[in-house]
Structure formats: C-alpha cells, structure tokens
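Taken in order, these protein sequences are the chains called D and C.
Every number in this note's numbering is 260 more than the matching position in the first sequence, counting from 1.
Every number in this note's numbering is 3 more than the matching position in the second sequence, counting from 1.
No wet-lab data here; the hints were simulated from the structure.
Hints may contain errors.
Unchecked claim - No more than 25 Å apart at the CA atoms, straight line, and that leaves these computed lysine-lysine pairs for DSS-like:
#1 C/274 <-> C/248
#2 C/508 <-> D/271
#3 D/320 <-> C/508
#4 D/350 <-> C/568
#5 C/644 <-> D/297
#6 C/640 <-> D/298
#7 C/536 <-> D/350
#8 D/320 <-> C/456
Unchecked claim - Computed footprint of chain C on chain D; a stretch qualifies when at least three of its residues, placed anywhere within it, have a C-beta under 8 Å from a C-beta of chain C:
#9 267-273
#10 303-312
#11 316-322
#12 343-349
Glycine residues also receive a C-beta, built at the ideal position from the N, C-alpha and C atoms.
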Amino acid sequence: MNLNVNLENMKEIYGDDIINIILSNIDIIETNIQTLKKLKFDDVEGIFERCPMMFMHFPKAFNEKIEKLIKEIGENYIDIIQNDISILEKTYE
Amino acid sequence: MIDELKLKEICEKYEINYERLVGTNSNILNSGKYEDICKILDFLKDELSIVSKNIEKCPSILYFGVENVKANWSFLKEQNITMSNVEGCLHVLSTEPKEVENTYNYILDNYGIRYLNARTSILSVQLSRIREIERKFIDLKPKNVLQAAISKYTIEEIEKMFEVCKKNKIEITGSVFRKSAVELKEIAEVCNKYKIDMIGSVFLKTKEEIEKIVEVCRKNKIEIKGSVFLKSAEEIEKIVEVCRKNKIEIKGSVFLKSAEEIEKIVELCTKNKIEITGSVFFKLAEEIEKIVEVCKKNKIEITGSVFLKSAEEIEKIVEVCTKNKIEIKGNVFNNSAEEIEKIVEVCRKNKIEITGSVFFKSAEEIEKIVEVCKKNKIEIKGSVFKKSAEEIEKIVEVCRKNKIEIKGNVFKKSAEEIEKIVEACTKNKIEITGSVFFKSAEEIEKIVEVCKKNKIEITGSVFNNSAEEIEKIVEVCRKNKIEITGSVFLKSAEEIEKIIEVCKKNKMEITGCVFLKTAEQIEKIVEICTNNKIEITGSVFHRSAEELAENIEFLKVNYGFDYLKPLIISKNNKNLKKVLPFLQEIEVLETLTTSNCILALTLDEIKERYDFVKNIGEEVIKSDKKVFNSIFGLSKKNYQKRVEKYLGSISTQKLGEEVTDELEDIELLDKIEKVQNDLQKSNEKTK
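Extracted from the complex, chain D is given alone in its bound form (with noise of 0.2 Å):
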C-alpha cells in the first residue's frame, strides 16, 4: 500500500503514538482503504489525515457503517462527505 499522507501533520494532531497505531493495524487499514476507493472516493488519503481512527475499524463494521451511512446521504455521497468531514467523524465515534 501506497498512501500519501503528511505524518508529520498527523503526529502533531494525535501524538507520536499514531505512527505506532497505524503501523499495528496497517491490514485492517489497507482493506478499508481500498473499500473507500471502491466507492469511488477521490480524496481516501485527505479523509484519512483527518479521521485516521474511523480507518481503525474491523473492515466488516467500517463497511456496515459507511454503507448506512450513504443510504442516508443519498447518491452525492462523495462530495457531502469530502466537503465536510466531521460528518465521518461523527459515524464512527
């Protein structure tokens, strides 16, 4: 896996211990990752700087709970989403 993401930034938001985390979950990342990417988001690594901890998530609950989740959106997922994050942050907390 491939992801560019500025750590430096995300070190500063959750502490040096985020490299830790996502290092120790790294597989379970990956999958969700490639689940956002399926769905055809445009900006997986932007959502992930901001909301590392949704990525946390075991695949089978992170897809439960995004596919929900675009069901109450409605087909502009995307773009409601990427234009406001918090709406992510809020489902998966």
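Keeping the supplied structure of chain D fixed, place chain C upon it in accordance with the hints.
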C-alpha cells in the same frame, strides 16, 4: 612447610579466608614458607589490589617465587589481555616467565586475544604441549585444543577420551576433560540408560553418583539436566526441602548453592526486597549483602545482572560508567570495568552510540564488527552486536543473494537460518519482511498451515505469535465474533479475552485500537472518563490514561467542563495547547463544544483556512454559532480545489460562471446542512 597457626595468622592479617584457601589446595601447608607467602601477599594485595576471593581460589601462587609472579605481571600488563581475567586466574603468574611469554605470543598470533581472555589458564601451559595437541588432533575446534591443553591428562589419554566421545556421540566440551576415558565410558552408559543429555556437568560425577541423583530427581519431579549434577543426591534432597518451604522454583541455579546458603540468601533478599530469581544464587549471602550495599549507595537498580559481579567489581564499573556518562544498568555488568573503558574508547573512535547492546561484545570484537559493517554499508547499531564479525559477513552474503534488506531483525538469525526462512517464505509466497525473522523456518511453516486452515491473511503481525497461539486467538475471536485481522495478533488469546470482557462490560465497540491496550489500561481509561462524566466512545482509547488525564486537567483548568468531549480530549496535548488559544483569540472557541472537527487540523492549516474564509468574505462560524464554516470540514483535496476555483474565478473574471458555481455550492451546502441535522437527530435517538 608452614604451621597451620602461622598460616591462619597470615590469613587474618591479609583478610583471606583460611578455610577456603586450604580447602582449595592443602599443598600450601607442605610447600609454603612464611616469608615467601608474606612477600607475595604484599605484592598481590598492596601493589596490585587483588581481591581475596581470587587468592583463595589459587593458593599455589603463594608458594612459588615472587620474582616469577612480578615478572609475569609486568609482561602481561603491557599486553592487550584483560587484566581482570589474569586476576581471576592467578596461577598463570607462577609459571616460568619465558614460557608465559612464548605461549602468550603464540596464542595471540594463532587464535586471537579473545581466546586468551576466555581461557587465561592456557598461559600456564607449555607451548610444546599445545602444538602437539594441534598436530595430533587436527579436526579439533580451537577452543577444544586449548581445553585439552589445560587438562591434566597425557596426550595418549586424551586420544582415548576422544575415541569414547566419538563412539558415544558426546560433544567435546570443557567438562569432558575432567574425566578419564574409562570414566567417560561409564558415564555414557548410565546416561544412555536414563536418557540424560551427555553434556556439561554430568561429567563432574561418577557413574554411581549419577544413579543416586536420578533417583532423587525422579522422586521429587525435578528435571534431570545440567546443574543438578553440581550437587550430590543428599544435597539435592536438602535443597528441595528448603525451596519448597520458601516457594522457590526448583530448577537451574538453585543447585549452585547448598540448602543452608539458599536459606541465607532468601532471608537476605526478603529483607532487601530483592526478587529471588536465578542469578542471586550465583552469589553467597555475604556477597549479596555487599552488592546490595554498593547498589544502594550508587542508586543502581538491584536486578539479576548485578549479581554477575562482585561488590568490588561493581564499584569499579560504577566509577568507569560515571566517568564516561554511561547509564549504569543491564548489560554493562557483563563486562569488567577495564573492558568497559576499552569498549568506550572503540565506540567513541567509531562514533557508535554507547548503549546496552555494545556491551554484548568485547572492544576487539566491536572493532571487527565496525570494519565489516562499514565495508557492507550496514548501520552500526543495536542488533548487529548480537553477532560476531564473521557471522555478519555470512548474513550479508545470504541477504544479498536473496535481495533482503540488511538491517534490524535479520541479525536475530544466523546465515543458515536466514536461508531456510527464505526458502519457507518463497515456497509459501510470503513477503520476506522484518517480522518473519522473529521465527524459525519450521515455525513459519506451522504458522502458514494454521493461517491457511483458518483463512487468515498471512501478514506481518501473525509472526508475532506461535502457531499454537494463533489457533487460540482464532478460537477466541470466533467465539466473540471479532474479525481475525491486524492488531488482534499483537495480544495473546488470554489478553484478548480480558479486553473483550472489559469492552462488553463498558458497552464499547471493539476496534483494532483496543488491542493496543491491556485490559487494565482500558479499565483505567473508562474510570477516568466516568469520573469526569465524559462519554466513553472509541476515540478516547487512542490515548493512554495518563495522556487523557493530562488533557482533561488542562481543559478543566483553562477552559471549563464544557470542553470535556471525547473528540477534544483524545487529541495531542501539544496541539491543543496551540490551537485552543488561537480559537479563543479569534473568538470562536465556544463553537468547539458543539463542533470539533476543526481539531483534526494543525494550527498552520487552521490559520491558512481561516485566512481563506476571510478572503472570500465569509464568517468563521455559522450564524447559530454551533458549527464552523464548512471550509474547515473540507478534505485536503477538496480544500485545494476550492482554493484553486476561487483563485481562478478572480483571474478569469467570468462572472456568469462564477455565479453558477456559487449557486451549485449553495445547493451543496444546503444538502450538507440537512445531512448534519438528520445525523444529529439520529444520534440523539440512538442515545
């Protein structure tokens, strides 16, 4: 000849234990002379500061000419040999000086200083005997040549001993040279009968003694190996009794001591709150007392490794470490003070960080390792010091052949093991990354089998566990309907069960993050949140209990209880301390209590977006003051697009298009607002 009383008088004067001295070798009473003994002790104690223990171990030095001792000491002092090894092997000083010099030079040139330091006794052996053994037994390993040379047996007897060893598949180690060929044969017979490994200390006993020991061990369910053969059957019985009484595990180093000594040691350790582990039994009670005293004086943590040294040696080590600003703990006690000085010198010369692992090796070995690493462009740190220079060269060769990055974990394995691991990984199409080197090739094969059986993707973290542990983890996860992936392999099955129990008890969703904490840590976090009336959501488990407490305190003191929200307290304290004052300065801090996604930006990013919002003539917060401007909620790419669009609209001045775009944006913002309201309602319903 010297009278017992006179010798006792000398011992008292020079603080030497008479019983231990005569117990080691009573010949001193027949061969020692009052004046000679005093002269040598003056030299050893006053001039060289040799500790009494080393003299008690080697009484023969007291009845050989003082001139030989002085000449040999002067010669050796000028050489590279570690003098503390000579101090522990004083009999070499009684040897004819010319012989010592010849043997020293020969061993140095043909074997290396390492062998002289490891088997300093070889300096008391004539060079002609060493060379004869080399000629006669050409297949013998260098260290075995030296062991054979040091032994008391003739070349003919050694020949017979090797025949017995070959026939009975006895590995030739130091202790083999303690028995004659006939004795070795008898021991082999009894070991075969009771299936005892024919190594180490079994060769310290006779056939009959081994039989008795086996009987006692079987009766008391003690594993029959290694150190039990250091004691007689009767002594083992007593030791068992004392250990049971004091709840000490009956194995390993307890057999280094008598039952009485164990009792004393237990008493002393209890008094000083020292954990009764294996290494305390390497020392006598009185030595432990001295060590404790020195450690307390120098504020050294009293752990296992300090008991590898005497109190005097610890004092010397402390002095050297303090002088060189080395942290006094762990591995430093593997070395003498003298060796530490040499290591420091080599490390400074080669700009190597002086940390724990360099003390696994001697200064000479470090120099060789540095040479090999530089030649092969390997970073000189940590795990390389677990290997010798020769082993590193072999590892480099294997890694290059198999295109494996030469760093970190590869040095946990030998070149042969790496080859086998590569073979196992290639066969099973596993990427050869760092974590596979935690395991042997056989273990990898077993893990692959378990993973395939359970349809688990074979990624790095599975190699943190054994195949058996993976099976257990799978069972626990299935039972609790947890997906078997990622961080679950960071914990044992037992720990996972505990974590799940705590999560269920506190109605927490189980994410990958919870397995980065122990059940106790999770409980602590829950306690902190409950005490502060903070909702327990997933995000609070991203920080440690201590960090959360620090954030809560900071928020309570500076901003009030309204700010104690999961998505605020779970952020990095340093970032909060920068961002919150800025939000206060621009008079929007209050909005954080209802909308906090702005905290997923750094201060610089917030400032940049703040400037942009001002530039496009909008407000930082919406009219109801409950939500930040949606610019702060844009993903990175969408923010860039938005900025580009704005800049583009300014430069092209295509008013018509701009108006249309703005209208589109307004429609989108309306939709976002509607979704936010719906979500809020749905969340409230769920709660």
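Against the structure, the hints:
1. The straight-line distance between the Cα atoms of residue 274 of chain C and residue 248 of chain C is roughly 17 Å, inside the 25 Å bound, and the hint therefore holds.
2. As the CA atoms of residue 508 of chain C and residue 271 of chain D are separated by approximately 31 Å, the hinted pair breaks the 25 Å bound.
3. Note on residue 320 of chain D and residue 508 of chain C: the hinted pairing holds, with a Cα-Cα distance of about 22 Å set against a maximum of 25 Å.
4. Annotation: proposed proximity of residue 350 of chain D to residue 568 of chain C holds, straight-line Cα distance about 12 Å (limit 25 Å).
5. Under the criterion of a C-alpha separation no larger than 25 Å, the hint pairing residue 644 of chain C with residue 297 of chain D is consistent with the structure, at around 19 Å.
6. Distance check on the hinted pair: residue 640 of chain C and residue 298 of chain D sit about 18 Å apart at the alpha-carbon level, within 25 Å; holds.
7. Of the pairs offered as hints, the one joining residue 536 of chain C and residue 350 of chain D holds, with about 19 Å between alpha carbons and a cut-off of 25 Å not exceeded.
8. Between residue 320 of chain D and residue 456 of chain C the alpha-carbon distance is near 21 Å, which keeps this suggested pair within the 25 Å criterion.
9. Interface restraint, the region 267-273 of chain D with chain C: holds (4 residues with C-beta to C-beta distance below 8 Å; minimum three).
10. For the region 303-312 of chain D, the assignment as covered by chain C holds, since 7 residues bring a beta-carbon within under 8 Å of that chain's beta-carbons and 3 suffice.
11. Counting residues of the region 316-322 of chain D whose beta-carbon sits less than 8 Å from any beta-carbon of chain C gives 6, enough to reach three: the coverage restraint holds.
12. Evaluation of the coverage hint for the region 343-349 of chain D: fulfilled, as 6 residues show C-beta separations to chain C shorter than 8 Å, against a requirement of three.
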